[in-house]
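Based on the hints, put chains U and F in the right spot on chain C.
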Amino acid sequence: MRRDLTTYGTGYGLALLLTLGAFGIVYFRRMAPWPTFAAVLGLALIQVIVHLRFFLHIDLKRSARSDLQLILFSLGVIALMVVGTLVILGNLRMRMM
Amino acid sequence: MSGVTEPELRHIGFQLAGVSREERQQVNSDVLGFWAFLMSDAVIFALLFSIYVTMLEATAGGPGGHQEFKFSSAFWETMLLLTSSFAYGMASVSARYARKDRWVLLWLAITFGLGAGFLNMEAHDFISMFHDNAGPDRSGYLSSFFVLVGTHGSHVLSGLLWILAMGVQIAMYGLDRRTRVNLVRLGLFWHFLDIVWVVIFSVVYLHGLIR
Amino acid sequence: MPDPHVWHPFLGALSADSFPFVEAWRDPTVSKIIAACAGGIVIIGAAVVIVLITILGKWRYLWTEWLTSLDHKKIGIMYIVFSLIMLTRALIEAVLMRLQQAVAINSPGIVSPEHFGQLFSTHGTIMIFFMAMPFIAGLINFAMPLQIGSRDVAFPFMNSVSLFLTIGGGALIMASLVFGKFSTGGWSGYPPYTELAFNSGEGPDYWIWAVTLSSAASMLTGINFAVTIYKMRAPGLTWMRLPLFTWTSFCTALLMIFAMPPLTVATLLLAADRYLGMHFFTNTAAGNMMNFVNLFWMFGHPEVYILILPSFGVYSEVVSAFSSKELYGYTSLVIATMVIALLSFTVWLHHFFTMGQSPAINASFGIATMLIGIPTGVKIYDWVWTMFLGKVRFTPPMLFSIAFMVTFVIGGMSGIILATPPLDYMVHNTLFLVAHFHNMLIPGTLYGLIAGYQFWFPKAFGFRLLEKWGWLSCFCWVVGFYLAFMPLYVLGAGGVPRREQELFDSAFRPWVAIAFTGALFLFAGLIALFIQLWVSVKGRHTNAVPVGDPWGARGLEWSVSAPPPEYNFATIPHVSRRDAFYWRKVNHGAYKPADHYQDIEMPRNSMCGIVVGVGAAAAMFGLVWHIWWLVAVNAVVTLFGGFVRAFRRNLNHTIPAATVEAHDRRWLAVANAVQPVARTHESSMANRGLACLE
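Chains as they are written, first to last, in the working numbering: chain C, 37 to 133; chain U, 552 to 762; chain F, 17 to 710.
In isolation and in its complexed conformation, chain C is listed as follows (with noise of 0.2 Å):
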């Protein structure tokens, strides 16, 4: 029960300090527009990770095995999706200007 409580815990930990980061520095506006929503976007998907880690349970292990295959090929066939739809709509719109 100690590990599962001190995984929680640390899961929720780290996620309160990604967040509290990405909220700063947006609010202290430290740097440029661009840089400052590429930091949001990286401690964003570090964060994802954590959760999935701490709260779900999906590691490297065999236990975990068919689940993370699924997450990975839901990633892929998301990125085809949403990179598509960008690249096109994108495309679109710089030829209707």
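No lab work stands behind these hints, which were simulated from the structure alone. We treat Cβ as the ideally placed atom computed from N, Cα and C, and that holds for glycine. Hints are not guaranteed to be accurate.
Claimed, not checked - DEER-style ranges, computed between Cβ atoms:
no., chain 1, residue 1, chain 2, residue 2, range
1, C, R39, F, K74, 55 to 63 Å
2, C, L96, F, V553, 50 to 58 Å
3, F, W255, C, L111, 17 to 25 Å
Claimed, not checked - Computed list of chain F residues with no C-beta within reach of chain C, every gap over 12 Å:
no., residue
4, Y246
5, M403
6, T558
Positioned in the frame of chain C, the structure of chains U and F alone reads:
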């Protein structure tokens, strides 16, 4: 080869020693099936995000994110939802280890309260945007904002209803196999919603507040 | 012009004008009379069915044996019955459209433009969502669990929900013949035409909600099938020992899970525009119709692979069985299937080459599209090599498969033409395109579905279908296809756009006339199938194949009785190689009793699936007609159905080991008493379902 071994199930908190192959198969199927459903939901959210991004400039002369989003409410909504995820984690731990069902019910109630608080703040935000003539019928951009964040909100609402149903089921049947499987699935759902929220507050709110 | 609706709180937008009978009475044109007859057929048909069931006293039987059953075999059969009914309607609509085009050359013809618009919209929507998808769900439901040595699918209750959501959607689209009008926006429903500004009536709403019901059902079905194949295979049945039909079912299921969400998003956002005044795809306030087009085809392309892959699986099974030969190139077939499934997510833009993207983007998607031809070609070669040096028997399923191989390749070649953007600019949205996709769907999907139906029918019902009518049906379907669609290639290349209610060049006359005769042949093919069914049912005792292996085939599904018991297998088989049943027959290890029989737990019946389906359909009807109280009540009913199920605890019933053993021994006694039949006599009465080894 098919067939399931104990280590596969340990991570979802099951005590399934000495249980038939069919039952183990069913539990595994139940959880994997729900993951598959979550992945299709992830596609829906990903597409709503894509539409949101393609419509960032579709403000039709009306207000955009920068004018309408409030820093503090985005922050506190995030805190509420994240803490509710942690609270659900505690509920999962209690389901596995506690000797009395009431601990699970307690943590479920806390999760419910935090989730309801989240929805309450979000509703207030929406209403103030309506009053500002920044409702979903104003422009393509606002339509995409309200549908993206609103879809997440309606999922949270469904989750709250599900928590209520789980509470009643645990009170009626205790923590039998079916309620345990459903607790696992609700947990997947709830944590998934928090993951989507991380992307929302980053891509929608923080992005809007940067410009 | 938007119609002003009379807002009656009880009836929503329904009024006397909503009925085609009233419209035909007031304005008796041929077009309106046809519409009234169609509405009349729905009502009379429903009444006849209800009266017949009552007279025969079969309500209780229907309810307990079929409607509330969670048995995958029965659910599969119900799906197929439903699809055959919808196929009949959509085929009649096709004949009517071909007739219109044949007679309406510089003349108004028999149906008005608006009526014609509804015809092509319902024809497409029904054929894809309420004929092909349910037929596929039915075939996979019936055969796949048997092929993998499982007792049922992973989620039997969800299976029932999917069935009744689909039937609900079908009911909604049938209701559109009686109440109001269907959309005229085609099966793809593009805005801004389908937005309130141009179509404020009930038409597009019928389309949106019928499609929503079907796509929700398909998504749940996809999850069900994928998890079943992933988790419920018999011991020893590794991935590379699976039959090809199971492989294609798995890839189809993955496509269903990932391809339905874009459709859900597209249709629900359109609904948000229409019901909540939003601006996703409107012409005003910065809406962008290209978002819809992009989303719809992101669904639409994988959808056509959902439609073709199961048929590819059927062809693999049929060609192997009726060539008495192992499938050639198993590994290449599996890899080709996976490649097709993956590539299907990368080509969707080829459906809208002409809508403004740069040549570079068009070219990339065009190249990706052509690449899919490669794995498909691999499959064709594998099937041909399977037949080569095999002892080929020309049964109806085999004939359909051969017709597929030839005809589908022609369609594939026209697809390569369409995949080239500059050529596509010439023929986009002409009859050339219509010819191409029917060339893929009819010989590809439909022949496979019919072949699968005829292949597994004896397993499902315990008796064979009479071949004579099967051959006649095949002849009509093949001749009909060529007559109906080859002229369309010529017409399309000659510049005739699709969806034309009237044509203006008499040079087209001979071509559309030939196309119309083709449509009549196609309809005759369908009638021949129904006659085949009728005649076979009447002769079911002479054609009985109780032992369950009429074709001498290889999969596990043939190793049980026909029809199989509720629990499929008395004992779950242990598999040690591909085509395990075939090798067991060769090694004289088939038809032996088990060492030890056990109690078997199977799901009890449940009416909650029906409650969910009926509730959802009624709620959608309320949404179409703005009858808000109906929506609210049925939303509660639907949720209630789900809740009741979640709270029930006594979900299974146990079949005692003694019963299982008795049933098994009885069947084995028949198997050991019956004469095995050589392949040359498999179409005769001597075939009792036990195959001779040759």
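Tested hints:
no. : hint                         : result
1   : C/R39 to F/K74: 55 to 63 Å   : holds (60 Å)
2   : C/L96 to F/V553: 50 to 58 Å  : holds (57 Å)
3   : F/W255 to C/L111: 17 to 25 Å : holds (22 Å)
4   : Y246                         : violated (7 Å)
5   : M403                         : holds (35 Å)
6   : T558                         : holds (49 Å)
When the structure is compared with the earlier hints, a violation turns up for hint 4 alone.
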